[in-house]
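Asker: Below, each chain spelled out in residue letters.
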Amino acid sequence: MLSFHQTITAALLLFSFSLAAQSPEPLASAGKTDLNPGARAAQKIVIITGARFSYKLVQQWIDDYNKVKPDVQLIIESRGSADPLKYDILAEVYEQEDAIRKTREYINIGRYAILPVATARSTFAKTYSEKGLDADLIKQIFFHDIFADKEKQKPIKAPFTVYTRLQKAGVPIVFTKYFGYQQKDIKGNAIAGADSHLLKALLRDSTGVTYLPLPLAYDEQTRKPVEGLTVLPVDLNGNGKVSDNEKFYDTLDKVIEQLEATEPGDIKNIPVEYLHLSVDKQHASAEAIDFLKWVNENGQTYLHDFGYLTPEAKRFEKEKFNEFATKRGK
Amino acid sequence: MKSFYLFFLSLLLWANAALAQNNVAGVVRDNNDAPIVGATVIVKGTNIYAVTDASGQFSFASPKDFPFSIRINSPGFGQKDIQVFELPEEPLEVTLVDDNLLSEVVVTARRRSETVQEVPIPISVISGDLVEDAGAFNVNRVKELVPTVQLYSSNPRNTTLNIRGLGSTFGLTNDGIDPGVGFYVDGVYYARPAATTLDFIDIEQVEVLRGPQGTLFGKNTTAGAFNVTTRAPSFTPGVNFEVSYGNYGYIQAKSSITGPLSKTLAARVSFSGTQRNGLLYNVTTQKHVNDLNNLGFRAQLLYAPSNNLRITLTGDNTRQHPDGYAQVLAGVVTTQRPAYRQFEQIIADLNYSPASRNPFDRWIDHDTPWRSGNDLGGVSLNIDAKIGSGTLTSTTAWRYWNWDPSNDRDFTGLPVLSLSQATSTHEQWTQEIRYAGDISSRLSGVIGVFVIGQDLNTDPVHIEESGSAQWRFSQNSTSNLWQTPGLLDGYGIKTRSNLKTLGAAVFAQADWAITDRLHVLPGLRYNYDRKEVDYDRQTYGGLQTDDPALIALKRVVYTDQAFTADVNESNVSGQLTVAYKPVKSVNTFATFSTSYKPVGVNLGGLPTSNGEVMTNLAQIKPEYVQHFEIGVKTTPNQRSTLNLVLHHTNVTDYQTQVQTAEVGVNRGYLANAEEVRVLGIELDGSTRIGRNLSIYGAVAYTDGEYVSFTNAPVPLEETGATNAFKDISGGDLPGISEWAGSLGGELLSNPLKVSGRDAKLFLAIDSYYRSSFSSSPSPSQYLNIEGYALLNARVGFRATEGVSFFFWGRNLADKDYFEQLLPAAGNAGHYAGVLGDPRTYGVTLRYTF
Numbered sequence: 000m001l002s003f004h005q006t007i008t009a010a011l012l013l014f015s016f017s018l019a020a021q022s023p024e025p026l027a028s029a030g031k032t033d034l035n036p037g038a039r040a041a042q043k044i045v046i047i048t049g050a051r052f053s054y055k056l057v058q059q060w061i062d063d064y065n066k067v068k069p070d071v072q073l074i075i076e077s078r079g080s081a082d083p084l085k086y087d088i089l090a091e092v093y094e095q096e097d098a099i100r101k102t103r104e105y106i107n108i109g110r111y112a113i114l115p116v117a118t119a120r121s122t123f124a125k126t127y128s129e130k131g132l133d134a135d136l137i138k139q140i141f142f143h144d145i146f147a148d149k150e151k152q153k154p155i156k157a158p159f160t161v162y163t164r165l166q167k168a169g170v171p172i173v174f175t176k177y178f179g180y181q182q183k184d185i186k187g188n189a190i191a192g193a194d195s196h197l198l199k200a201l202l203r204d205s206t207g208v209t210y211l212p213l214p215l216a217y218d219e220q221t222r223k224p225v226e227g228l229t230v231l232p233v234d235l236n237g238n239g240k241v242s243d244n245e246k247f248y249d250t251l252d253k254v255i256e257q258l259e260a261t262e263p264g265d266i267k268n269i270p271v272e273y274l275h276l277s278v279d280k281q282h283a284s285a286e287a288i289d290f291l292k293w294v295n296e297n298g299q300t301y302l303h304d305f306g307y308l309t310p311e312a313k314r315f316e317k318e319k320f321n322e323f324a325t326k327r328g329k
Numbered sequence: 000m001k002s003f004y005l006f007f008l009s010l011l012l013w014a015n016a017a018l019a020q021n022n023v024a025g026v027v028r029d030n031n032d033a034p035i036v037g038a039t040v041i042v043k044g045t046n047i048y049a050v051t052d053a054s055g056q057f058s059f060a061s062p063k064d065f066p067f068s069i070r071i072n073s074p075g076f077g078q079k080d081i082q083v084f085e086l087p088e089e090p091l092e093v094t095l096v097d098d099n100l101l102s103e104v105v106v107t108a109r110r111r112s113e114t115v116q117e118v119p120i121p122i123s124v125i126s127g128d129l130v131e132d133a134g135a136f137n138v139n140r141v142k143e144l145v146p147t148v149q150l151y152s153s154n155p156r157n158t159t160l161n162i163r164g165l166g167s168t169f170g171l172t173n174d175g176i177d178p179g180v181g182f183y184v185d186g187v188y189y190a191r192p193a194a195t196t197l198d199f200i201d202i203e204q205v206e207v208l209r210g211p212q213g214t215l216f217g218k219n220t221t222a223g224a225f226n227v228t229t230r231a232p233s234f235t236p237g238v239n240f241e242v243s244y245g246n247y248g249y250i251q252a253k254s255s256i257t258g259p260l261s262k263t264l265a266a267r268v269s270f271s272g273t274q275r276n277g278l279l280y281n282v283t284t285q286k287h288v289n290d291l292n293n294l295g296f297r298a299q300l301l302y303a304p305s306n307n308l309r310i311t312l313t314g315d316n317t318r319q320h321p322d323g324y325a326q327v328l329a330g331v332v333t334t335q336r337p338a339y340r341q342f343e344q345i346i347a348d349l350n351y352s353p354a355s356r357n358p359f360d361r362w363i364d365h366d367t368p369w370r371s372g373n374d375l376g377g378v379s380l381n382i383d384a385k386i387g388s389g390t391l392t393s394t395t396a397w398r399y400w401n402w403d404p405s406n407d408r409d410f411t412g413l414p415v416l417s418l419s420q421a422t423s424t425h426e427q428w429t430q431e432i433r434y435a436g437d438i439s440s441r442l443s444g445v446i447g448v449f450v451i452g453q454d455l456n457t458d459p460v461h462i463e464e465s466g467s468a469q470w471r472f473s474q475n476s477t478s479n480l481w482q483t484p485g486l487l488d489g490y491g492i493k494t495r496s497n498l499k500t501l502g503a504a505v506f507a508q509a510d511w512a513i514t515d516r517l518h519v520l521p522g523l524r525y526n527y528d529r530k531e532v533d534y535d536r537q538t539y540g541g542l543q544t545d546d547p548a549l550i551a552l553k554r555v556v557y558t559d560q561a562f563t564a565d566v567n568e569s570n571v572s573g574q575l576t577v578a579y580k581p582v583k584s585v586n587t588f589a590t591f592s593t594s595y596k597p598v599g600v601n602l603g604g605l606p607t608s609n610g611e612v613m614t615n616l617a618q619i620k621p622e623y624v625q626h627f628e629i630g631v632k633t634t635p636n637q638r639s640t641l642n643l644v645l646h647h648t649n650v651t652d653y654q655t656q657v658q659t660a661e662v663g664v665n666r667g668y669l670a671n672a673e674e675v676r677v678l679g680i681e682l683d684g685s686t687r688i689g690r691n692l693s694i695y696g697a698v699a700y701t702d703g704e705y706v707s708f709t710n711a712p713v714p715l716e717e718t719g720a721t722n723a724f725k726d727i728s729g730g731d732l733p734g735i736s737e738w739a740g741s742l743g744g745e746l747l748s749n750p751l752k753v754s755g756r757d758a759k760l761f762l763a764i765d766s767y768y769r770s771s772f773s774s775s776p777s778p779s780q781y782l783n784i785e786g787y788a789l790l791n792a793r794v795g796f797r798a799t800e801g802v803s804f805f806f807w808g809r810n811l812a813d814k815d816y817f818e819q820l821l822p823a824a825g826n827a828g829h830y831a832g833v834l835g836d837p838r839t840y841g842v843t844l845r846y847t848f
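Chains as they are written, first to last, in numbering that gives the first Met the number 0: chain A, 0 to 329; chain B, 0 to 848.
Any given hint might turn out to be false.
Here are the computed distance ranges between Cβ atoms for each label pair [said to hold, decoys possible]: (1) 314/A to 262/B: 55 to 63 Å; (2) 186/A to 233/B: 22 to 30 Å; (3) 143/A to 785/B: 24 to 32 Å.
I should point out that these hints are in silico values taken from the structure, not numbers from a laboratory.
All C-beta atoms in this analysis are idealised placements derived from N, C-alpha and C, irrespective of residue type, glycine included.
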């Protein structure tokens, strides 16, 4: 028979276990750490957060880096706070505000493209994988616009349902800004979750249409669009028509090759933005800087494998980060 | 101690339970980031729900399984579905789109559907719903909503529809000139001004385009255009029935039925009938006159074999048969004629006293019955075919007008003018073919050809006939011969005239998008106009005598007149607009345009000079318009619009109808003023405050003057001066108030159930103000109308389907005001007034499904 004190103790234990059991499942490869930056540095722990679709690539870098620096623990953690200081490294996919930019040192390590996609089995996908989408049609499909010239809008006979992310996030921000809108202007069903969830929701709907970054739209193994998904060709040169040479979406490599062969200023109707990694200029730990320095030297190796484009030389600024690292003793 | 442990255990278990529930939290806002209170958040397929608090925030325990869907609802907003794939780490930020955002007003002014804020033309748009709710069932009432519009109507034929003070002759009209404001219904040009007095039938929208629009519309429009769209046949069945009752025996019934006849054929049948007792009382006949007695009918058949082809056949007929358009004695001025020719002396000699000296007693004693039989109708065939990236439209129409009036143009109970009946028939046919669409991604536009033929005849004759008191009003000397018994009794004129016109035009306007923000819109128009007139006026009756002295006296009143004319002219005019959008919500534009109104012919008789008919006035020169305007249309947010326009128009050889003292041309005659100028500023806007209040308003400053009119007839008070003509350069143009404005708004409740259907309570108020204006073609000290303000309101509930019901009141302050003043024939010194309606009120019941 348990004593009263034992009962209380058991209850406390039960409480603790049940709390643990009820905690949300980890969103990234590692659980959250509550260590402050100083404590993390002492334990050689580096916390990384950012756009979730970049995590695969970042994890690949971590794995390679740990081969040469096994004593540093690099953890990818889902973002739970808007305070950049809570994390050692940010892997972001959109241009940040000036106030934040000034305080951070960046590596523009690679680029990613955002493409319109549709459920492969939909009539919409069949129709527009042939016809393609020009700028007006993309705007008509995706955005609420009280200024649109209704007469100029084209009749769309194929049923479609637009899916978009609810929360403010890099990809929808880049996509909407490119076409002159705000994220709240996107029509359709909202998804609370990550870009990968957008893909999941789309595939569940036989009329789904959305926008996805290249690394998510293609299977990195088969190099083809994710099963069940059709990537829709767009008017790449902005001449108002989608010609046959603008339909090159069979394989990931072909898309990357075509986009890299086109001057960035000449790419129309496909938003292309940088994946950049950054650390705080003042508070970055030596381990975080060292990791970024390694990425600065070696990180481009996997870009194509994971669906990214190489950066423009003028934006990569490899030396600039090295200078920063040197100043900080690395 | 034990109790402490128990308490602590309870606390732990409660906290455990609470914390075990992973909550989904969020905030619901509207488009302006204002929190939405009371929105319901439901997890679909469960009994989990939450309601947003005063900060728009909500929270609920997350279901265990992902993904799950939530649906967010709030009255007045579109519902939002969200699929939740993972427990959000940050509150969900949900924006609901307001159902009550300012409606996107779509116009077809440029022959294609565009939002009004995008079009670089000043346009005022009145929806059919507002027309119906506000009781603005004709143009005269619509003008209270659009302060840049002026309408003066002493009867349907003598109706002036102007925009910014320009368009048609002020006061009485003349059949021999073209209106400068085009009046279009479903793309069909209505040539006769009388059409603007009709009750609207089943209106979808009224667009008022300000400024010349010759490169967009078939018939030339030198001052602007009314583009009226009626509700089209629909393949979705619908019925609308409305009945209104009001004071003065007001009854109005409207109905509209639409639906499919087959998969490709749909029809709509619409009816409108209005009846109201007369607002003036004739003390002699002891009858009320100026009643409303209107019946209108329209039937449309739509054949739509594909999405690319729509053929609409329309027939309409409107019949207005009021005892109407009587005018009351509004005042008397002393002219410069001798004392014996002053009105007061004349009526004293004839032992006559008017029924009332106060026009707003609304009493008359006229001895000639007033009648305004106004029948209009027609048939049209409209074909819209989508070809390429545009639409080819063909509009073929035939219309008729039968006019059967009777007027008492001396405005007294004396038998001065016993008959004044300008019965007429008119037929017109028009054909317009145009193509509007995109030529390339950067170039779009409209190109069209237009032909109109008109045949206007007296039916069979126009009659003006004197009565026994005419001699005293026409007496221009103290000769006793004027008192010759029966000299002018039954003495009159019968006029037979025929006017045939042919007009043809080619017009085009392009829209070249140099960049997405910068557009250049050139336009060009070629006009050809031919007018053939055969005018023959013969005197009859009166004393049959060979005495030259008596004959001379009779000729003072009426003369025989006959002339023919066959004139044709062609003209090229154009416009250039540059439109620039610095940001998406701001649309700026500048336009320079020229325009032209064809030659005019006098069909109301010609004045005499020294006893000779001035046949040189049989035709008048075309008028030429140069117009410049700059404007900015802004959409500060999705709930508001604010637009500003500055305009300046110069008209050379301005066609005007001037008044003369001669009884033989008692409706005036056409003349050219060398130059007039109108400039102004217009500001209009609308906004929605919250979900329940919308406000709209417009204010216009307009300054119109004769730059040069050196040979104008003198005004009423100068009748009898040495010279019958004077230089009125610098004087005000008639019919233009410097300031005019309208302000209205509507307060709506949240949806509620009425008889099981969704409805909203509403309170709507609209007001109209205009400052004083001249009511005389030649500026007068007396014929000026004081400014006035009107207040209208309605309250009730409105359902999208089912029964709507509301009370309404117009001119709630019961303001006495004149719409027009006009001198009586012969310029004895008295003048009449067209009175605005007194306070009217009633109730409307509407049933829609």
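Asker: Now, for every hint given, state plainly whether the structure supports it.
Answerer: Hints, one by one, checked against the model:
1. 314/A to 262/B: 55 to 63 Å: holds (59 Å)
2. 186/A to 233/B: 22 to 30 Å: holds (26 Å)
3. 143/A to 785/B: 24 to 32 Å: violated (49 Å)
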